[in-house]
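Chains as they are written, first to last, in UniProt numbering: chain A, 1 to 496; chain B, 1 to 496; chain C, 1 to 496; chain D, 1 to 496.
To be clear, the hints were calculated from the coordinates, so they are not data collected in a lab.
Any given hint could turn out to be false.
The list treats identical chains as one, so a pair stands whether inside a single copy or across any two.
[Claimed, not checked] Subject to a maximum C-alpha distance of 25 angstroms in a straight line, what follows is the list of computed SDA-like cross-link-like pairs (lysine to any residue):
#1 Lys63 to Ala73
#2 Lys215 to Gln381
#3 Lys215 to Glu230
#4 Lys205 to Ser234
#5 Lys453 to Pro54
Letter by letter, the chains look like this.
Number of protein chains: 4
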Amino acid sequence: MEIIGHLINGKYSEQAERTQDVFNPATGTVAKKVAIASRETVEDAITAAQAAYPEWRNTPPLKRARIMFNYKALLEKHADKICELIGAEHGKICHDAAGELQRGIENVEYACGAPELLKGEYSKNVGPNIDSWSEFQPLGVVAGITPFNFPAMVPLWMFPMAIVCGNTFVLKPSERDPSTALFIAELLHEAGLPAGVFNVVNGDKVAVDTLLEDKRVKAVSFVGSTPIAEYIYSKASANGKRCQALGGAKNHAIVMPDADMDNVVSQLLGAAFGSSGERCMALSVAVAVGKAAGDALVNKMAAAMKPLKVGECSDKTNDFGPVITKEHKDKVVGFIDSAESQGATVVVDGRHPQVAGYEKGFFVGATLIDGVTKEMDSYQQEIFGPVLQVVRVDTMEEAMTLINDHEYGNGTCIFTRDGEAARYFSDHIEVGMVGINVPLPVPVAYHSFGGWKRSLFGDLHAYGPDAVRFYTKRKTITQRWPSAGVREGKSFSFPS
Amino acid sequence: MEIIGHLINGKYSEQAERTQDVFNPATGTVAKKVAIASRETVEDAITAAQAAYPEWRNTPPLKRARIMFNYKALLEKHADKICELIGAEHGKICHDAAGELQRGIENVEYACGAPELLKGEYSKNVGPNIDSWSEFQPLGVVAGITPFNFPAMVPLWMFPMAIVCGNTFVLKPSERDPSTALFIAELLHEAGLPAGVFNVVNGDKVAVDTLLEDKRVKAVSFVGSTPIAEYIYSKASANGKRCQALGGAKNHAIVMPDADMDNVVSQLLGAAFGSSGERCMALSVAVAVGKAAGDALVNKMAAAMKPLKVGECSDKTNDFGPVITKEHKDKVVGFIDSAESQGATVVVDGRHPQVAGYEKGFFVGATLIDGVTKEMDSYQQEIFGPVLQVVRVDTMEEAMTLINDHEYGNGTCIFTRDGEAARYFSDHIEVGMVGINVPLPVPVAYHSFGGWKRSLFGDLHAYGPDAVRFYTKRKTITQRWPSAGVREGKSFSFPS
Amino acid sequence: MEIIGHLINGKYSEQAERTQDVFNPATGTVAKKVAIASRETVEDAITAAQAAYPEWRNTPPLKRARIMFNYKALLEKHADKICELIGAEHGKICHDAAGELQRGIENVEYACGAPELLKGEYSKNVGPNIDSWSEFQPLGVVAGITPFNFPAMVPLWMFPMAIVCGNTFVLKPSERDPSTALFIAELLHEAGLPAGVFNVVNGDKVAVDTLLEDKRVKAVSFVGSTPIAEYIYSKASANGKRCQALGGAKNHAIVMPDADMDNVVSQLLGAAFGSSGERCMALSVAVAVGKAAGDALVNKMAAAMKPLKVGECSDKTNDFGPVITKEHKDKVVGFIDSAESQGATVVVDGRHPQVAGYEKGFFVGATLIDGVTKEMDSYQQEIFGPVLQVVRVDTMEEAMTLINDHEYGNGTCIFTRDGEAARYFSDHIEVGMVGINVPLPVPVAYHSFGGWKRSLFGDLHAYGPDAVRFYTKRKTITQRWPSAGVREGKSFSFPS
Amino acid sequence: MEIIGHLINGKYSEQAERTQDVFNPATGTVAKKVAIASRETVEDAITAAQAAYPEWRNTPPLKRARIMFNYKALLEKHADKICELIGAEHGKICHDAAGELQRGIENVEYACGAPELLKGEYSKNVGPNIDSWSEFQPLGVVAGITPFNFPAMVPLWMFPMAIVCGNTFVLKPSERDPSTALFIAELLHEAGLPAGVFNVVNGDKVAVDTLLEDKRVKAVSFVGSTPIAEYIYSKASANGKRCQALGGAKNHAIVMPDADMDNVVSQLLGAAFGSSGERCMALSVAVAVGKAAGDALVNKMAAAMKPLKVGECSDKTNDFGPVITKEHKDKVVGFIDSAESQGATVVVDGRHPQVAGYEKGFFVGATLIDGVTKEMDSYQQEIFGPVLQVVRVDTMEEAMTLINDHEYGNGTCIFTRDGEAARYFSDHIEVGMVGINVPLPVPVAYHSFGGWKRSLFGDLHAYGPDAVRFYTKRKTITQRWPSAGVREGKSFSFPS
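Construct the entire structure; sequences and hints are all you get.
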């Protein structure tokens, strides 16, 4: 069986003392093995990155950026292959994988602007004939630890910007679907990146802890669940590293009485069920304001969900695929069960989907639950499955309180056509990414991605302008030249 | 005896279960007592700040900035009083206190620019008829913990910018010289600040830990020694707070053979001995490149140090004053002793200064030590006293290696007139603040202050542009309006 | 009779071969005389500015900014005096003058941020060991030519920013109400400005043409009518000067059917009649969409206009004062007559206002005209008086076409609560300053002021960020140091 | 004989009433004919651009930028073809053409960053619940008029940025070497640009005047000689258009006594003679400070010039090629003659170069003239040929005065290793682009290009950040939503 290895110092290596199964979630069977890096293997990657750093740091930003121009072209050229790799291990439908990849490529495009983005601030005459300026210098070796749900996009949030800023990088992708990261790493070398600047190690907690403990690693970017994010942030910080750790989410949409309900339903379909809801920006709670809006929403939503089709990744007619593992399927179904038992109504039930030919796949069908309340387990926790829960409230203020009281603050949305409601909402909601009639308000690559509250630990958001600041440190130089010397025709004099 | 209390919710309170002595370091006697806040007192301050937050946050930035305009005028008007308070408890000479205050006021001037500094980024048409923008919203209640050596300036690095960004603030100044912070806090209220927006509590570790543990405090800024900075950063981070913690320093100047030695000596006098060397930017190590430069430096320096005069703060003819405590004096003297016993030469010896009328004051005279090596304790640790150590090397590369290998990376300087040497130095030195012929390269208020390595824990530097980012969180809004409705003359339709 | 003179090189001078009458528009009588500068007098002012330039240019921006901090305080201290001067010569009511002054002071506040605003862009390693940065250097002597309608504010749009950027300045204020400019110029000297940096000359076309022709003047800022603006821009450009020339306006508000009509009426009262409509941002045309909106607007507006009171400046109960001259009053009345004769309905007629005690004052009462069409003279030209014209259309598209077809493109507004309508309007309207439910969308001082089409000639808008760019020229430096020399321990070698 | 036509609305057309000869300057023979556009043809191009504008303006910046990504790849793919076209009509050697193209491509790379570069400024709460932001909207149809000396690079300075900002474009390239512009225009269409967005018309003054007079053209960018630049700027400005017009140059290098003379000579070879000196950044005057420096410079320069080889473009061993026309050759030779007759010494004489096989080519050899003074015609005017003139002075101040007194202020350079001299020079020299040991300080594409004095007419420099501002106009929106309405649960009410 194929073993998925590591890419260290420009060389691919399958060497592994330990391996772990990689499943095809649509068939439910083990398809490959992935090498689990030992501490030594991770240290080898760090050593390679450390060795490549001085020369890479001194490479002009424009030259570094040109590798990203090449890289964009290669990612586009090999898009189908990348989507296949994503589909095979993650299970998402090819059109969804293509969307993920496109969002990832946008970060490469942004990284192409490095020469502009790295400009420092220059002040003439901070005092008489004294100048001062700030430069943004790279950190050194930095690391990324990424989740299974976006095997291409989330790594692409991190390493292109880190690398174009002059850092060298060690990526530990998810061990659930590791092939994509390795393939896109190979393409980056094909684009002209010197060996050692970008390294990929597969692994588990051993690899993670090695990255968090090694003094040569200067910064860690993480995306995953909140408990792990908190662990990573706390440990990295205690070890003197810069860290940004993105965690879980519970994204609510407020549906106002004046919303165009057909539009709402059409938007929510993709936002709630796309990629089986395994997105940190998935819209998993709809808060309807007023009985009329609630009834209309549930009725139209239920009707609209009927044609949704779940299945295998290569069939473009499918709307979404399986969830990532058997365990995760059981967890999602368990949340539906608990909502039901705690008093909610399962309006559309996806617990037993029929997928001909893929009976052992980890499928959950699109599910709609009405009458959810804030006390329910399914409301309080992140389900990360194709489940949309409807909460009903009487006023917008009530809806906003619900959101502001929740542990997470990643994304949110309001459906309305009223300017005042939209403005009040966006100003006062305690959430980092806000949509006005946009159910998945993922910032474009030239803005930055980040939740509030327990959805993100760290000062700076992911990708975009904040990433430039995260992957560089400020150096401020103050300069005065002591006397006119040469200019006034005096000869040079050594102090003697 | 006067008890120095707290300022909470706009009201001054002397209530204290515990107090601690505040010395006049020039006389060596206890002059006042300072109240030591209990956990409850600190929580009261946080509660006041929390209560004031919603209204303050909604106050337009321009109105917040106007209070800073008033504040600048009041600080200037009361400058003499502030300098007296600094002198009485810290001991620094009045002209030095005036310099400190001026540097503090510059941060207030910068804060007056809040409306410009808080501008977000706006993108039209991130998709068809979809716009997206990022706002920088305040965090809520934030805290500052400040050191004894700059009782006015370091608090002024923090709270004006934090407050003008819309946050409310709890300051815990040093318990060694707490009066200044209270007085400038009163002036800020006189300038028009609403009660509760800025609070001052005096205290010790109990106060610090309360600030680090209370969930309502969203960010902590700290300046002090590295071990405490590390503790603060690690604990604040583990508690989900944003933190920037500035620690110790060991600032080297490289003296190149082509430097104008008279200028070097004149610059080093102030940089090494000003404020008794109790500055995190004090220049405490001179690295001479080549024997000729080293000899000239030591000879000229020794001669220039002769007229230096140490004494009480109100006498303007004094160059610098006492160190902060008896314990600290003993520590400084101990470092001189250890250097001597480890083989260095004490060229000018300040261990037994004569200060007529102030025999019990905590004075140490200006001290010059030649032949220091990197193995010596006095080299490895921060002395924080009026001691300049000379290390001699043969090449600039050797000098730079010395600096890059040191634990700290706060400030550094090169004396040369050679453009290439200056550029190579500023590019490759692992230090956050770099001077070219500027021995104290403290960034001006419109740049940011921060060391590298173990001199600063955190992503963002203090004051200046980085402070704007530190004291705000990014919110990204993505907006689409769903259909033409009103514009096309359709009537409004409720979903029904 | 008092003669209003010039302020040149820090000295006030009344010397004048020619003078011109200055009226009190409320009484209709000549109150003072103003000196009309000869070509030589203007050249003296330019010479003074030229002489002051080198030292002022080299003054650190922070020091220049501190004079602006002082200046703000002085303007606030002398606000009543300034408002009296405005009232006496322009006629606007004291509360309106206070508003004007406040808007002017905001530009001084913005200028206080010069150290931040003047930051250049710094790029490390544009090639191997080559750095490049851009500085924004001052231009030299620059001039401002300002209109009668804002004798304090418009000059304050210009000279604080020009001066804080390092330029020296010659101002030619309106000869109708010249005292204010002279007084605020004196205050700037009191704030610490060196003599010669800011000069005021009163005059007519001779002064204007001297400023446009003198090679030492590097830039001209102008605000006035479009024909003069076009003349100024064309002549200044042909003489190689940088120029921004702001001209006339015809500002429309679209009133949508969903607008809150009481709010609309309340907003329009001030926007149409404030300062007698003598504002380039006055809202002089209301475009009602739909018959219902039009009828409601006219009825409610007519009712709301009844209590409006016209009169002398010092009486705070007055809503607005006289227009500037007898000739201008006749022109305004002429436009009302022409509208009537061309078929419009004068709903509220201000042609014959009764102002007890001021029977000879140049008063026009608030006037409302319904049924205006685009063919009418009163629609096509700028009236610059207290006249609101209502145009009725059937659709929003029709309303926008009307605006986009008009010669001017200064300000505009839409009243609606619909997000989509507002967004479509702001995107597609060919006007530089757009209000959403804001009838006078004058940008705040930290944005920039400028119309489109024939309302502004030039690339850059007035005040705010654009003014920084207008009053500076870019210099780009590219730097490489040729060899390691000193750093590598080589001795210095003269070419020999 | 081949006729070079126009590219209008995506279609190539050779139609021409008039044509003009296009020479191969290496052979001195007519190689092609170029169509000379009539007023109608130019108007057709403007009409096409106008028609394409609305849809292009509404295309999201990211999509516009992606066409530039494609375009960069196509320019690189067809680099050899482009260089051949340049060589055949302009005569520059292939390696020089490749350098030109590379510099042009860098502007395409910069244009790829449009989504970042077009970000506006967003201010929350400019008043209570009032927000304001500035957008940078495109102008409409804009035009470029470009010179013969950089047939690829100068057009690429203009149209990629103009187009990516949302404008549509009409280019009139030089009629001397028009093929390159047409070919790179075709590639832009191949990259995905819609028809009509970019149009190329060949022509003479008729075409230029049509572009300057047509009201639909909103802005003109020009590069050429100063008299024409002045004409263009003055006429465009008088017609209400935005304009930037770049003119002539006389770029001086100061050679300081401490300069590394071998490096100076090596740098000057390329800077003075590359592209036959037909560059507006060519370094045509060396100012030696001190006799020793002057003698060394002339001696070493003369020796270094010996191996220089002039010849045909395709032979890579040639250093530079012919000048553009027979007339221009005569003019260059005339300047050498005049210098000689006015007292200077022709040290190396290129008036009669031997180029075997190309006896009728328009060749001038590398020429070095010593003892030039500021009174000479050859000093005062731009030669635009391979001629380096040496002026000798005693002090740096004298050298700087020479430069500051010259009519032009495009580029300049100082050779020194002294930090103070370099800083004083760059601060006080009245030139827009300054090199420190960099003889051709052409700003990189992410800074902006522009001279001072009579080298540039306009406020904003070419390409880089200034180009973004030049090709957009600011629109400032101020927004308030009038009442809570929907949010507070009130129903919608039409005014009725």
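Hint by hint, here is what the structure shows:
1. Lys63 to Ala73: Both: 16 angstroms inside a copy, 15 angstroms across copies.
2. Lys215 to Gln381: between (35 angstroms within a copy, 21 angstroms between copies)
3. Lys215 to Glu230: Both, since 20 angstroms and 15 angstroms are each at most 25 angstroms.
4. Lys205 to Ser234: Intra 15 angstroms, inter 21 angstroms, cutoff 25 angstroms: intra and inter.
5. Lys453 to Pro54: between (37 angstroms within a copy, 17 angstroms between copies)
The earlier numbered hints are all upheld by this structure, with none contradicted.
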